[in-house]
Amino acid sequence: MTTTTEQLSATTLLRFATAGSVDDGKSTLVGRLLHDSKSVLEDQLEAVERVSADRGQDAPDLALLTDGLRAEREQGITIDVAYRYFATARRRFILADTPGHVQYTRNMVTGASTADLAVVLVDARNGVIEQTRRHAAVAALLRVPHVVLAVNKMDLVGYQEPVFAKIAEEFNAYASELGVPEITAIPISALAGDNVVEPSANMDWYGGPTVLEHLETVPVSHDLTACPARFPVQYVIRPQTAEHPDYRGYAGQIASGVLRVGEAVTVLPSGRTSVIEGIDALGESVDIAWSPQSVTLRLKDDIDISRGDLIAPSATAPATTQDVVATVCHVADQPLAVGARVLIKHTTRTVKAIVKEIPSRLTLDDLSQHPDPGQLVANDIGRVVVRTAEPLALDAYADSRRTGSFLLIDPADGTTLAAGMAGESFASRAEVVAADEDGWDF
Amino acid sequence: MTTAAHPHTESGSDAPYALSHLDALESEAVHIFREVAGEFEKPVILFSGGKDSIVMLHLALKAFAPAPVPFALLHVDTGHNFPEVLAYRDRAVEKHGLRLHVASVQEYIDAGKLRERPDGVRNPLQTVPLTEAIQQLRFDAVFGGGRRDEEKARAKERVFSLRDEFSQWDPRRQRPELWQLYNGRHAPGEHVRVFPLSNWTELDVWQYIAREDIELPEIYFAHERDVFQRNGMWLTAGEWGGPKESEPVQKRLVRYRTVGDMSCTGAVDSDAADLDAVIAEIAVSRLTERGATRADDKLSEAAMEDRKREGYF
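Sequence lines, in order, name chains A and B. Each residue of the first sequence is one higher than the one before, starting from 1 at the first, in this note's numbering. Each residue of the second sequence is one higher than the one before, starting from 1 at the first, in this note's numbering.
Just so you know, these hints were derived from the structure itself, not from any lab. Note that the coordinates shown come from a computational prediction; the quantities given were computed from them, not determined experimentally. Some hints could be false.
[As the list claims (entries may be wrong)] Taking lysine to any residue and the SDA-like style, the derived pairs with C-alpha atoms no more than 20 Å apart in a straight line are:
id	chain 1	residue 1	chain 2	residue 2
1	B	62	A	356
2	B	95	A	243
3	B	42	B	133
[Claimed, not checked] Incomplete in silico selection of chain B near chain A, CB under 10 Å:
id	residue
4	19
5	24
6	138
7	204
For every residue, glycine included, the Cβ atom is placed at its ideal position computed from N, Cα and C.
Build out the structure end to end from the sequences listed, making use of the hints.
Now the structure itself:
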């Protein structure tokens, strides 16, 4: 296995999220990944051992490594997303460890929003259950590029291939229908260590990668040359010093695609055009830059550009709109109702808006859409139509997670109300069905 | 002359446009600095003279170049600082033309507004001068160098962390943080703590310092020092109150992994005299930096969470 010294050579960063029901063994899997990559250090382990012993537990409770808050330790549950860091010789990892309980759908949405990959755990004895479908649906909704189905507790089903094959087949069918682009199913035992870091001697019928091997080798960037470039302006840099009397640069992080010096660009929403004269990549001048680099653009023409504007190649500039049709996950305790006056934060732009319609609410269990719910409450996922006070240069979330996403914010107290994704919900669309009394709750 | 590719993009990575992990972390941190500059009226950088705040300052300099950093620095001076660190702080302020505010724990003690703890540890005493300085100087965003890998309560911290008018952190009432859309809305009197290094590990910080050739205070590198042992840590002998008679002083070859109050920041035995040696040492260390060198985190199982709730960073 790797040593920590070798981790010095790790080059790329993979952000991933884990999802699983309470007893699926998520903590054990996370604990094993951290432990076997030597990311649990002695003083942390000693602290866990000490507290476990104080409580009279026989073995160290590895959940204590991840449950950092008093309330979590008292209740023995995870109440919030935690971020974990580990590394191997090949790669650095940021793990969004999200609680699996149903009422924390918003936490999985939070973890999945920045993830390149989601690990969905199932218990081999139970197979695909409602919670598994919910996790797959959230991963599909958030357009997480890679999904791993980790079929855990294979030791408890005699390491039998047919058990795994049946679960993998059922999950594949379901997730493919949702449009999940890539699914990798791996039979594991997190407790015994089968196929987590080391290949399992108990499942020689399995020829695929271990969980860690897959995490190390899955591609992290999309083919960005295929995505249109998007550059939300964060801040205008004007030194006005003796050394730089005329410097005027537009600072931002490239949200998608590639930008080149000499490229004709359009500034939205004004529609003014210019040409990229220079790209300053944090201190050095470059000809080309790509997402997610933070750079500063200089344009040929002195035009009015400020924070909130979007610079895009003229050939592939997005349309602007004041009518946003989107799917939102409601993340606040106070409900969101039709007629609510909100703020919409899209890239670097925040504008006033009003919720015109809530056409449907999604039931994650069976993906049915229930019409006209009137309002959305915490953890609800629904379709909304929002009218904005100013035009937004909004892409479909399917095309860009960065420029297709937004927040709805309560203007009164600043609470983040909802996470929004513009355009179609799933890659393949679920039918709208009539309201069904049994289907309302999830 | 311009170059065709970003020089830090390493060969052998997955895709032609992949960024190295340090470039990805740097880009994310710069984005956070610029968001704050764009959305807040009066931000400030908490600067302790430790490696994390030094990296923060370096990132801020890059984020706004060729313009100056549009933020002042705020140093909470415990009165028991390492002289090398104070000298470094003053040099950095001078070199980059920054403004420095100092909140002094000693002044609060002298004025009778704070009482020295029996154990002489001053780290917990920083909270009051810090929060009062934020209120009095009306800062609405306060950058801290905290990293989520440092401590398990910090693992739950957001990049943008809303604090009430008492600077309190309530872990159960945090805003979900989605995509890279940071919500910095706050009411008058409230402020937001911002942690641009949230996703960095100790090793990332050191590798970045090496890559960017960032100068650090000398105490981070092995040197001979008069130390004595207390609670399993090597503390520096000095006017702050150590050692007691039962704590013999010895000269050892040591360095510091963190920089804080002298009363509770321990040195580690080390012969790592340069950056390469330090990185090699950390890579094989079996202890976290806080576990190795911070006494205040050992006060209780939830010491950090409790201090954060009160307004600590």
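Original post:
Does the CB of residue 204 of chain B sit less than 10 Å away from some CB of chain A?
Top reply: The hint holds - residue 204 of chain B has a Cβ within 10 Å of chain A, the shortest such distance being about 8 Å.
Original post:
Taken at face value, is the distance from the CA of residue 356 of chain A to the CA of residue 62 of chain B at most 20 Å?
Top reply: 43 Å, violated
**OP:** With a cut-off of 20 Å on the C-alpha distance, tell me whether residue 95 of chain B and residue 243 of chain A pass.
**Re:** 16 Å, holds
Original post:
If you take the shortest Cβ to Cβ gap from residue 138 of chain B to chain A, is it below 10 Å?
Top reply: Violated. Min distance 18 Å.
Original post:
At a threshold of 10 Å, is the proposed contact between residue 24 of chain B and chain A supported by beta-carbon distances?
Top reply: It holds, given that the least Cβ distance between residue 24 of chain B and chain A is near 5 Å, below 10 Å.
**OP:** Below or equal to 20 Å on CA atoms is what counts here, so check residue 42 of chain B against residue 133 of chain B.
**Re:** Within the cut-off at roughly 13 Å; holds.
Original post:
Holds or violated: is there a CB of chain A closer than 10 Å to the CB of residue 19 of chain B?
Top reply: Because about 7 Å separates residue 19 of chain B from the closest Cβ in chain A, which is inside the 10 Å limit, the hint holds.
Hint compliance for this structure: hints 1, 6 are broken, all remaining hints hold.
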